[in-house]
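There are 4 protein chains.
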Amino acid sequence: MQNLLNNITDVMTQATERGRVADYIPQLAHVDPKHFGMAVATPDGQLFTAGDATMPFSIQSISKVFALTLALGKQGDGLWQYVGREPSGDPFNSIVQLEHESGKPRNPFINAGAIAVVDAIMMGHEPKEVLAELLSFVRYLAGDDSLFFDHEVAESELKYKHRNASLAHFMKAFGRLQHDVDKVLGAYFHQCALAMNCVQLARAGLFLVSDGVNQASGSRVVSAQRARRINAMMMMCGHYDGSGEFAYRVGLPGKSGVGGGILAIAPGKASIAVWSPGLDQIGNSLLGTRALEMLVQETGWSVFGH
Amino acid sequence: MQNLLNNITDVMTQATERGRVADYIPQLAHVDPKHFGMAVATPDGQLFTAGDATMPFSIQSISKVFALTLALGKQGDGLWQYVGREPSGDPFNSIVQLEHESGKPRNPFINAGAIAVVDAIMMGHEPKEVLAELLSFVRYLAGDDSLFFDHEVAESELKYKHRNASLAHFMKAFGRLQHDVDKVLGAYFHQCALAMNCVQLARAGLFLVSDGVNQASGSRVVSAQRARRINAMMMMCGHYDGSGEFAYRVGLPGKSGVGGGILAIAPGKASIAVWSPGLDQIGNSLLGTRALEMLVQETGWSVFGH
Amino acid sequence: MQNLLNNITDVMTQATERGRVADYIPQLAHVDPKHFGMAVATPDGQLFTAGDATMPFSIQSISKVFALTLALGKQGDGLWQYVGREPSGDPFNSIVQLEHESGKPRNPFINAGAIAVVDAIMMGHEPKEVLAELLSFVRYLAGDDSLFFDHEVAESELKYKHRNASLAHFMKAFGRLQHDVDKVLGAYFHQCALAMNCVQLARAGLFLVSDGVNQASGSRVVSAQRARRINAMMMMCGHYDGSGEFAYRVGLPGKSGVGGGILAIAPGKASIAVWSPGLDQIGNSLLGTRALEMLVQETGWSVFGH
Amino acid sequence: MQNLLNNITDVMTQATERGRVADYIPQLAHVDPKHFGMAVATPDGQLFTAGDATMPFSIQSISKVFALTLALGKQGDGLWQYVGREPSGDPFNSIVQLEHESGKPRNPFINAGAIAVVDAIMMGHEPKEVLAELLSFVRYLAGDDSLFFDHEVAESELKYKHRNASLAHFMKAFGRLQHDVDKVLGAYFHQCALAMNCVQLARAGLFLVSDGVNQASGSRVVSAQRARRINAMMMMCGHYDGSGEFAYRVGLPGKSGVGGGILAIAPGKASIAVWSPGLDQIGNSLLGTRALEMLVQETGWSVFGH
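Residue numbers (this note's numbering), protein chains in the order written: chain A, 21 to 326; chain B, 21 to 326; chain C, 21 to 326; chain D, 21 to 326.
Each hint should be verified, as a subset may be incorrect.
To be verified - Taking lysine to any residue and the SDA-like style, the derived pairs with C-alpha atoms no more than 25 Å apart in a straight line are: (1) LYS179/D with ILE45/B; (2) LYS181/D with GLN301/B; (3) LYS124/C with GLY144/A; (4) LYS124/C with HIS120/B; (5) LYS289/B with HIS120/B; (6) LYS179/A with ASP200/C; (7) LYS124/B with LYS179/C; (8) LYS179/B with LYS203/B; (9) LYS124/B with LYS94/D; (10) LYS181/C with GLU146/A; (11) LYS124/D with LYS203/B; (12) LYS203/B with LYS203/D; (13) LYS124/A with THR36/B; (14) LYS124/B with LYS203/D; (15) LYS94/A with GLY144/A; (16) LYS124/D with GLY232/B; (17) LYS124/C with LEU178/D; (18) LYS181/B with LYS94/D; (19) LYS179/B with LYS94/D; (20) LYS94/D with GLU265/C; (21) LYS124/A with LEU24/C; (22) LYS179/C with ILE302/A; (23) LYS124/D with ASP110/B; (24) LYS289/C with LEU24/C; (25) LYS124/A with GLY98/B; (26) LYS181/C with GLU119/A; (27) LYS124/D with ILE45/B; (28) LYS94/B with GLY232/B.
Derived by calculation from the structure, the hints in this document are not laboratory data.
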């Protein structure tokens, strides 16, 4: 495995076509596209790393997996009255579907759905409390108390909030958000500004590898059924309107973020985190996807084979 | 397994809410919604059946899996210039996406995409030849030369062809079909009119269980990679705008048909066919899905767990 | 004319099917649907009134005509870089078209377009100044210094702002608003909260009857070409996705508001204001439209005849 | 008037930017973009012509005005159960709106609507009979028995029928066409292949100038109300998603065709036909529109002024 990661990292480091770094906020636009990191954590506690695996980056939409887990813990299946579980077929920030379907977002991973999930987590609490809870939860998942919110990123997101503010107000107009729009957005932008490195991210995903149990720590995080269902949502919607492509090429449940990170789960095998800041046209990490494709070809870890 | 199938069949036989039988052609509208059949074929050659497992039904859109396999064999990755591989987020017979994306269908399992796949298979041949080849291929997959096209169903489909004719002419207007619209539709309607029973269908799916090899017969049908990719397409798009729901509840690649059949693949474990004619609002078998959900809960066969 | 207005008012007063009063804010929801008023002002200074012609109501979207006139005065044809001039074919508060067309609203009378017009009027000024200017302009048009903003209505609109806030943030995300979203919305809601009665409204429309000159006061408000073009926009887009119906039945340029008012212009003949609070499904005054239909049938004032 | 037409023709003949000739069928693609013709017919029997006013061209969608008139004569207001009367906001050949609104076209001038109108005219008759009736009607309107269907154009349209065939089959799937799709399309393509020159076209429009009476011949064609309503439809929908622009710049009810012709009606004043084969991006005659704009600026014939 270590050799494989080294090989992949060599290939990716030398790649000339690296995609485009997200540029809607300065904090992301200034990240060096040359970075590449990867970490593989296995249920038996092994960890393999390569490249910039310990350099923190903005996990952005990958945080939606942790928020969804938290929301299911609080609302159970009741969560699905606020958000659907189908691929939308539209870009991550599209609002068209909301108008056609009375303001109910298609799934928890498009922006509108993730905002609805934050609202569902809040349950009357202030953003500060919610964020503390989320941070605590992700630290527990990762087994690492050093991970943090990058407040500068959050502030910048807030400044360029308008597309997400549009989604939130639209849902609010249909009575689909319980809390104040600005509070929900504040919490949402902080959630997305979670900074993690590949090692932390791979470890945080371990509970999805082993049917809800983090084997490294021995603790059950969610039921087996819930873990499988979260994986299902990642598979179906984790890469927005590039989810089909990711399933076709990689064949694992995965969630991407515009910071260039991807968390992928090989059930029973490993939790994999990869980071390369350059994005493809849809907004998923270009080399991150290619790295996972190489990994899966060598290991045969696709959920669609055996 | 046999006990489990018996239990599931008992539950499904007694269910009062059975969905609505497809009614757009008389041949489907007259099928008794009380039917229920199921078959599980394993790579080591075992077969388990229950209920009406040997009664032929119209497999309809399940045939799209076999057509896709044939088309990939002929066109390789070149097929994807004619059809995409993303969930559409729209109903199976929607035309909206075609207008927004220059007549290129999102995936091979919505109607427009399946029509494009038939066109890609034809390669200058007449419908009759294409259908002979397809029939021969499915008979080979199922190891059963008795399966047949139900010409009466095909004729009836042709009579009520207008929605599909609209899709085909739209693609033709964008230069996306190489052959005459009426010929493509003729082949498509016959393909959908393939009559199979659960046993035949489960056996025909075995090559997708074992990375492209039909272990029962020992023959390699497609490469491992291709088998996985076909499974990926089934997972992402096999139940149209109910694919997310199917992934969430069942967690297996699957393809449904309006005849009430579903083919589901548990990689490394089994090929499963189920038939119950009543459909949910999206057009997928209501009890078929519930039966698979029960099966998976007992066996733990979800690809999202281990 | 007076007899005709009396007859129309009799018919409308006795009508049992009166439509539904707008209910998205309490101030509109509590208006008595029994009200009916009408005023006809002619270029030679005559005024005919009937029913509740001097009772003030919330003119709501009719204010968009005055705002458009002001914006054209400030920006000239440059205004059309911010807003189109085509019917949208969608409801007044739809956001779908904005996503498909990079945040540029189709016309100045749908909500998104009207918000863009307010932004174009502001030109760096504070909402307070802009509103003072608008109020002054409408008072000048109506020749009546007593008309006023209903601040209670404006406050209530602000409270239920979310659909419009969504539109504004969406446009802001595409760089289509120059000013702060909250300031633009504040000005927009006050503009819509202008309270006028039928007499004031009919008089304010006189400049559109006589090619830009208010014959009653003798003052030229806009050029002949501009007056005609504003009429054209009213004809094409003044009743949202009911504009075709209004053109078909009434045949005059007109602008409706959810307060139940309609301003209609018969070029060379008269400016007509009608008020009946009950709305049809699209959001236009049900009896107001019928009253205009009766008026036109008797007077032959359709622009499509001679 | 003659001087004005001469001036306009001079300007248009020298224009270098002439738009793009329709190229979807060879018969239109081969027309010389240098042609320009114009004719103005007045109710008192005067006729003014300039340029290629007597050269026949394919009137294409302008024929929809005559077909609508015929359909209203046969079906009365019952026609509106088959087709709406609102601008669609979409291109002339769009199918999106049909899917969203159960296959009912928005108005009689987009292609789908015009196909529905042909179906409404047929009333059980064969295409041949319908076309004979239509030809006879237009000859009567124009007072000229020499105008004819260009069968070569019709055949070519039939060959490139697919976009329109898609629309027709879609409506048929929703039960919105009473007759066989191929027969309806055959009649529709012939209708569009009507060849007329500007003189014939201007004369054929005279009944819309004088409230339903062709003053030149003294015969009443339709009631005053119907004439006004047809004008209203032309104003609202006659230039597809460029109707707002035409109303803004020209201010007259008008109908364009991809052959480069436009028929415009100045109620009480004149019927105007103009022909210049080059089209703008939306599919309306580029110089034809500019010529009408010049004409209206000089004559003040806008319906929005007085």
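For a quick check of understanding: which of the numbered hints are violated here, in increasing order? Failing hints, ascending: 1, 2, 3, 5, 7, 9, 11, 13, 14, 16, 17, 18, 19, 21, 22, 25.
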